[in-house]
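Read top to bottom, the protein sequences are chains S and V. Just so you know, we're using our numbering here: the first sequence kicks off at 1 and counts up by one. Just so you know, we're using our numbering here: the second sequence kicks off at 1 and counts up by one.
Derived coverage of chain V by chain S (criterion: at least 3 residues anywhere in the stretch with Cβ under 8 Å from a Cβ of chain S; other residues may be distant):
hint : segment
1    : 4-16
2    : 78-86
What follows is a set of in silico ranges between Cβ atoms, one per label pair, in the way DEER data are often shown:
hint : chain 1 : residue 1 : chain 2 : residue 2 : range
3    : S       : 2         : V       : 213       : 11 to 21 Å
4    : S       : 123       : V       : 167       : 37 to 47 Å
5    : V       : 194       : S       : 119       : 44 to 54 Å
Straight-line distance between alpha carbons at most 27 Å, and here's what the computed BS3-like set of lysine-lysine pairs gives:
hint : chain 1 : residue 1 : chain 2 : residue 2
6    : S       : 21        : S       : 191
7    : S       : 21        : V       : 212
8    : S       : 88        : V       : 6
9    : S       : 88        : S       : 99
10   : V       : 6         : S       : 99
11   : V       : 212       : V       : 6
By construction, these hints were calculated from the structure, which means they are not laboratory data. Remember, it's a predicted structure, so these values are computed and weren't measured experimentally. Positions of the beta carbon are idealized from the N, C-alpha and C atoms, including for glycine.
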Amino acid sequence: MRDEGGDNLRAEALSCVRGDKLLFRDLSFALTPGQAGLVTGPNGVGKSSLLRLIAGLLDPFSGRIQTPASIALCDDRMALDENLPLQKALRFWSQLDGKTDDDCTAAIAAAGMGYLAEVPIRYFSTGQRQRARLARTFLSAANLWLLDEPANGLDTASVDLLGQSLQAHLDRGGMILAASHIALPIAFDLKLELAALEQLEAPL
Amino acid sequence: MIGALKTLIWRDVRQSYSSGGTWLPVIFYLSAATLFPFAVGPDRDLLLQTGGGILWIAALLATLLPLDRLIQPDLDNGLYDQLIVRGITDELIAFARLISHWLAFGPPLLFAAFLASGLMGLEGPPLVTLLASLAIATPALAGLAVMIAALTAGLRGAGALGGLLLVPLAIPLLIFGAGSLADQSGSALLFLSAVSLLLVAITPFAAGAALKAVRE
Numbered sequence: 001m002r003d004e005g006g007d008n009l010r011a012e013a014l015s016c017v018r019g020d021k022l023l024f025r026d027l028s029f030a031l032t033p034g035q036a037g038l039v040t041g042p043n044g045v046g047k048s049s050l051l052r053l054i055a056g057l058l059d060p061f062s063g064r065i066q067t068p069a070s071i072a073l074c075d076d077r078m079a080l081d082e083n084l085p086l087q088k089a090l091r092f093w094s095q096l097d098g099k100t101d102d103d104c105t106a107a108i109a110a111a112g113m114g115y116l117a118e119v120p121i122r123y124f125s126t127g128q129r130q131r132a133r134l135a136r137t138f139l140s141a142a143n144l145w146l147l148d149e150p151a152n153g154l155d156t157a158s159v160d161l162l163g164q165s166l167q168a169h170l171d172r173g174g175m176i177l178a179a180s181h182i183a184l185p186i187a188f189d190l191k192l193e194l195a196a197l198e199q200l201e202a203p204l
Numbered sequence: 001m002i003g004a005l006k007t008l009i010w011r012d013v014r015q016s017y018s019s020g021g022t023w024l025p026v027i028f029y030l031s032a033a034t035l036f037p038f039a040v041g042p043d044r045d046l047l048l049q050t051g052g053g054i055l056w057i058a059a060l061l062a063t064l065l066p067l068d069r070l071i072q073p074d075l076d077n078g079l080y081d082q083l084i085v086r087g088i089t090d091e092l093i094a095f096a097r098l099i100s101h102w103l104a105f106g107p108p109l110l111f112a113a114f115l116a117s118g119l120m121g122l123e124g125p126p127l128v129t130l131l132a133s134l135a136i137a138t139p140a141l142a143g144l145a146v147m148i149a150a151l152t153a154g155l156r157g158a159g160a161l162g163g164l165l166l167v168p169l170a171i172p173l174l175i176f177g178a179g180s181l182a183d184q185s186g187s188a189l190l191f192l193s194a195v196s197l198l199l200v201a202i203t204p205f206a207a208g209a210a211l212k213a214v215r216e
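One chain only, chain S, in its complex shape (with noise of 0.2 Å):
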């Protein structure tokens, strides 16, 4: 079950299966206005599964969610064109967004990213690739962030700068939830630790 245009990001006792296997269940967390929460665990235990449910992009195996009405996603994907410069990518999703040029502008601003605003993206490094991918999800506006391993590639510099953004995006009011092996330089409300449920459930 799902329900959009809350205030809140709530998940009661939420399971996801892929494939034949089982990743979580049960699992129940809320998040409100200006809370940000962080996922952890190890790889393969259904980080960027639980993101992806809670993005609407996978259906729960069972359990209910209720979200905001606007969610932005970073994962590792950028779904900006490869061969237009970034100011001139992240175009289009402003314009799918209802945001102008000058919001473009400001979220690679923000992103740490002026001096290759003109750029074609084929060109940009690991972190550069990462950094335009947080671009695209500063601009968004969303009310809530779901970020995938959003320190991924960055120097210590860039993760400051992260960190400052997701700070301003929680004092507006904003949520985040964040699956990160990476220390993020802001304060987690909630702190979720997905576990494999084969080592729970092993036999003795």
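Put chain V on the given structure of chain S with help from the hints.
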């Protein structure tokens, strides 16, 4: 919704025309049409009789060329996921893709058919019928291409499979389309229109369902 549709269509159309992907089917079409007179000889009557059918088959083959660029790159890029997160449905994405693909595929193909018909010596009413039948069929060919590209997205050997899928699905178009050249009553064109409308109408739902399935 309309604004989102326009943005999506404009992005795809601009991308196809600027990447040169639009002109590949046109060049292919013209080369296929050029080969045919070399193969059967310059007999004018023979070319007049068979030329229309050959131009129709070339149109079907040209449909296959852009298949791997229609859905797969945007799927890999995460574009569709981002659209779904924004509440844009799979059906609307497929509908936008149908329109943008037709805009990049239909008019250039008609232009190529017009040029190629000169090589077959087609002129006057047969030429008009050929162009009319192709004009009616190009939305359906675009729809078939979008459906097949969505169905085979993520599969290995998607290109070869796409060809196998297109052939049987395109037979009704070929029968009524190429048939319209010899048909004086005009009913073949009406049947062609009916088949074309049907294919266009099911494309958003079939391709949308395929996009949904590939996400699971």
